[in-house]
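Engineer: Given chain A's structure and the hints, the job is docking chain B onto it.
Protein chains in written order, with my numbering: chain A, 1 to 330; chain B, 1 to 523.
Simulated from the structure, these hints should not be mistaken for lab results.
Please read these numbers as outputs of a predicted model, since none were measured by experiment.
Among these hints, one or two may not hold up.
Stated by the list, open to error - List of simulated lysine to any residue pairs, SDA-like, C-alpha gap at most 20 Å:
#	chain 1	residue 1	chain 2	residue 2
1	A	Lys153	B	Trp34
2	A	Lys153	B	Leu135
3	A	Lys153	B	Trp282
4	A	Lys153	B	Gly120
5	A	Lys153	A	Glu182
6	A	Lys153	B	Arg218
7	A	Lys153	B	Pro129
8	A	Lys153	A	Pro177
9	A	Lys153	B	Thr9
10	A	Lys153	A	Gly186
11	A	Lys153	A	Ile191
12	A	Lys153	A	Ser231
13	A	Lys153	A	Ala142
14	A	Lys153	B	Gly134
15	A	Lys153	A	Pro140
16	A	Lys153	B	Arg114
17	A	Lys153	A	Glu207
18	A	Lys153	A	Thr135
19	A	Lys153	A	Gln185
20	A	Lys153	A	Gly97
21	A	Lys153	A	Ala100
22	A	Lys153	B	Pro128
23	A	Lys153	A	Gly208
24	A	Lys153	A	Ala188
25	A	Lys153	A	Asp117
26	A	Lys153	A	Gly290
27	A	Lys153	B	Ser131
28	A	Lys153	A	Arg136
29	A	Lys153	B	Gln136
Now for the letters of each chain:
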Amino acid sequence: MIRPISTLTALLLPVAAAAQDRPVLTVYTYDSFVSDWGPGPQVETAFEAICGCDLVFVAAGDGAELLARLRLEGATTEADVVLGLDSNLTAAATATGLFADHGVTDVDFDMPVVWDDPMFLPYDWGYFAFVYDRTRVAEPPADFPALAASDLKIVIQDPRASTPGLGLLLWVKAAYPDRAAEIWQGLADNILTVTPGWSEAYGLFTEGEADMVLSYTTSPAYHLIAEGDDSKAAASFAEGHYLQVEVAGKIASSAESDLADRFMAFIVTPDFQSVIPETNWMYPAVTPPGGLPAGFETMIAPVQALLYPPGEAEDIRDEALAEWQAALSR
Amino acid sequence: MAGGPVAVTRHLPGLAVAALILALGLGTLAAVLWRGLAEGAGAALGPADLQAIRFTLWQAILSATLSAGLAIPVARAFARRRFPGRAALILLTGAPFILPVIVAVLGLLAVFGRGGLVNGALVWAGLPPVSIYGLQGVVLAHVFFNLPLAVRLILQGWGAIPAERFRLAESLGFGPAEVARHLERPMLRAVLPGVWVAIFVICLSSFAVALTLGGGPRATTVELAIYQAFRFDFDLGRAALLAGVQIALCLGAAALAAGVARPAGFGAGMDRPLPAPGGGVWLRLQDALAIGAAALFLLLPLALVALSGLPGLTQLGPAALAAAGRSLALALASTALCLALALPLADAAARSPFGRWFEAVGLIPLATSSLVLGTGLFLILRGQVAPAQAALPVTMLVNAVMALPFALRAVLPPLRDVQADYGRLAAALDLRGAARWRLLVLPRLRAPIGFSAGLAAALSAGDLGVITLFADGRSETLPLHLYRLMGAYRMEAAMGAALLLTALSLGLFWIFDRGGRHGAATR
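Just chain A, same shape as in the assembly (with noise of 0.2 Å):
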């Protein structure tokens, strides 16, 4: 019986013989960053190029997983790094106690707010908005009232699993800080179903389900740059559009210290950077020499980029969830 199972162990576990003599830089991450289609490839080569080093992903669902992860492991984590947090869980990844600063300085970000977190480093980022067919919806809502009055159905995420849910919630509270709760009530109807995450939900949109999805300005990007399809588009709103930043930040702990400071100051380079607007669809934290990909200058430019620091994002969060309860179990 030594073969098959040899066989076996083989096909599952393809990648064991790493180089052995090069150092190791473990990077936890979500698991769409490492997909085929997400930056992890072009990132690992990139920076394996120049590091000496061996880069490995390890993935762990989406952020809130990622950081759930962390505070299991606690400070035996084998993180050296960790890429994918956004600005809603730093609060509680800076509360862990198992971040270090990043101590990369002088990085002039191309964001629409001012960034100057120690410990967490932005490496892309891009404002949510609901996203529609051209050909099916002509005149898109202007605003969250303008939604609820119309009679178009949106599919949006849990925010109890998933992050843009949860960014949802946070544009609403953000943008209607003591009416929240009416606005909610306002798009009951409108809300044909929450999701468990982006994916159903964007599968609903594009099978036709739905007339607009909770996703991202860039989204349209995709359609129009892969796809060659230009009739997806990304609402604008008058409130303002809340923003996502994602971060990473380096385990104070790691034994390979040095290889995190230089993978840190790695993420802010035009390397790391050129391969995000094609791969995460996101904006890069840095616009690289060359410029953003042809097409996305077609996205909308929201007027106004909401965004609660994050200790009040931390604190606000459970009002404005009892909110959206109250007012979706209606």
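Structural biologist: Relative to the frame of chain A, chain B by itself:
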């Protein structure tokens, strides 16, 4: 009946399997609870959790009752009719049970969704459209998933009524009502409670289906509350408590079913084929209607999914094939392990005086929250092995244990019959151990074992298998490949991968199931 030490050693393998299941189900829960308490969280349930428990119970009761109830006429029709394509139809109508959730949901939406066929027809006829989103959608989807399982298990019950009893009924001039009273109802009384409980427990731990079709936070299930406790609040104590509630509900339902179920006691037969089905036009029409309606309900969404997957097939690269190969290998290994676990457990359940306990333990995997199971395993194994290295054996073991309740459901009733019908003869002949298995049990159980193996293989191939905490992000299975395609906007390719996955799962199921029934039919 041997008592004392002999009985204990005879059930040792069964006891070992039961211990393994308890360790996986309750041990992981305890590990999570322990850690939660260490983090200083006081484990308590809030009003929202109680609301979630109420909704979960209600939808699971509705889903299980409808699935089991609707399966009776369909299984009866399949049992008494012979027609060309019958075997293929039985196979295909079993497919929804092994579909990945999101694929099945998209298929259902193509029929019952806002822009689906049903609403298209309603609008065309000038009628108001109906909405699938809400409790009705959750139940509809659960029936879609579980009706096939119920049909197969009940059909197996029909097959277990010896043909001699039907012949006797015929010669006594029994009409359908008498056959129902003397043959069918006793059989259903033996089989149906187990089927109902299995489906009830599957629906208890529903997460993605309930959420996506439930239409919002009203449809919050216990599993979603566990998710919230874990990733939103990082309250491990509450997550463990909710997982405990799920298991308690499962055991409660099992106890209820054990109280209702009665062995049918038909006695042994000569394994002859069933007599030609009789009945008048009315009975034929009734059966045709049952089979036709079930086929339409189960196959139409499936066909639409397959159709939308065809264009995407060409977009699949070598990565998809490698992933398919990995899923196949994983499925075969999990299947072998599942049978190796299920048979000793079923044997202990059929022959031990504490049989009901073994049977109840066999249900626990269904009620186990996969999130708590994964987290608990991670906490237990961490420090012993690197998570990425443990990914393969853990996935294999978890898949095998997750399929075990179905294998047990399929194997246990016939095993009880073997014990009742041939137990004394075997004991008189001093047929024991391996010889008893080889000469008596395995030949009589070929069909249910084949069916179980098919289910285990298909479920394992179709399972996302991502206990995300163990995933290393590299050894990608086909379901993970599918979800990654979706996550990268590639919906068309994802539907192609879904078609490939469905074909793989169904193919695996077909080979094992057919292998089992082929052997059984040639005797």
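Engineer: Taking only the CA atoms, is the gap from A/Lys153 to B/Pro129 under or equal to 20 Å?
Structural biologist: holds (14 Å)
Engineer: Given the hint that A/Lys153 pairs with A/Gly97, does the C-alpha gap stay at or below 20 Å?
Structural biologist: violated (43 Å)
Engineer: Is the hinted pair A/Lys153 and A/Ser231 satisfied, with a Cα-Cα distance of at most 20 Å?
Structural biologist: holds (18 Å)
Engineer: Is the hinted pair A/Lys153 and B/Leu135 satisfied, with a Cα-Cα distance of at most 20 Å?
Structural biologist: holds (19 Å)
Engineer: A/Lys153 and B/Pro128 were given as a pair; does the straight-line alpha-carbon distance stay at or below 20 Å?
Structural biologist: holds (17 Å)
Engineer: Starting from A/Lys153, check that the Cα of A/Glu207 is at most 20 Å away, please.
Structural biologist: At roughly 14 Å apart (the allowed maximum being 20 Å), A/Glu207 and A/Lys153 satisfy the hint.
Engineer: Would the hint linking A/Lys153 and A/Glu182 be met if the CA-CA limit is 20 Å?
Structural biologist: holds (18 Å)
Engineer: For a C-alpha distance cap of 20 Å, please report whether A/Lys153 and A/Ala100 respect it.
Structural biologist: Distance ~44 Å between A/Lys153 and A/Ala100 Cα, so the pair is violated.
Engineer: Decide if the proposed pair is consistent with the structure: A/Lys153 and A/Ile191, CA atoms, cutoff 20 Å inclusive.
Structural biologist: Given that 20 Å is the threshold and the Cα spacing comes to 6 Å, the pair holds.
Engineer: Check the hint pairing A/Lys153 with B/Arg114 against an upper bound of 20 Å on the C-alpha distance.
Structural biologist: holds (10 Å)
Engineer: Regarding the pair A/Lys153 and A/Pro140, is the alpha-carbon distance no greater than 20 Å?
Structural biologist: holds (12 Å)
Engineer: Does B/Trp34 lie within 20 Å of A/Lys153 when you go C-alpha to C-alpha?
Structural biologist: This hinted pair is violated, its Cα atoms lying about 44 Å apart.
Hint compliance for this structure: hints 1, 3, 8, 9, 20, 21, 25 and 26 are not met, and every other hint is.
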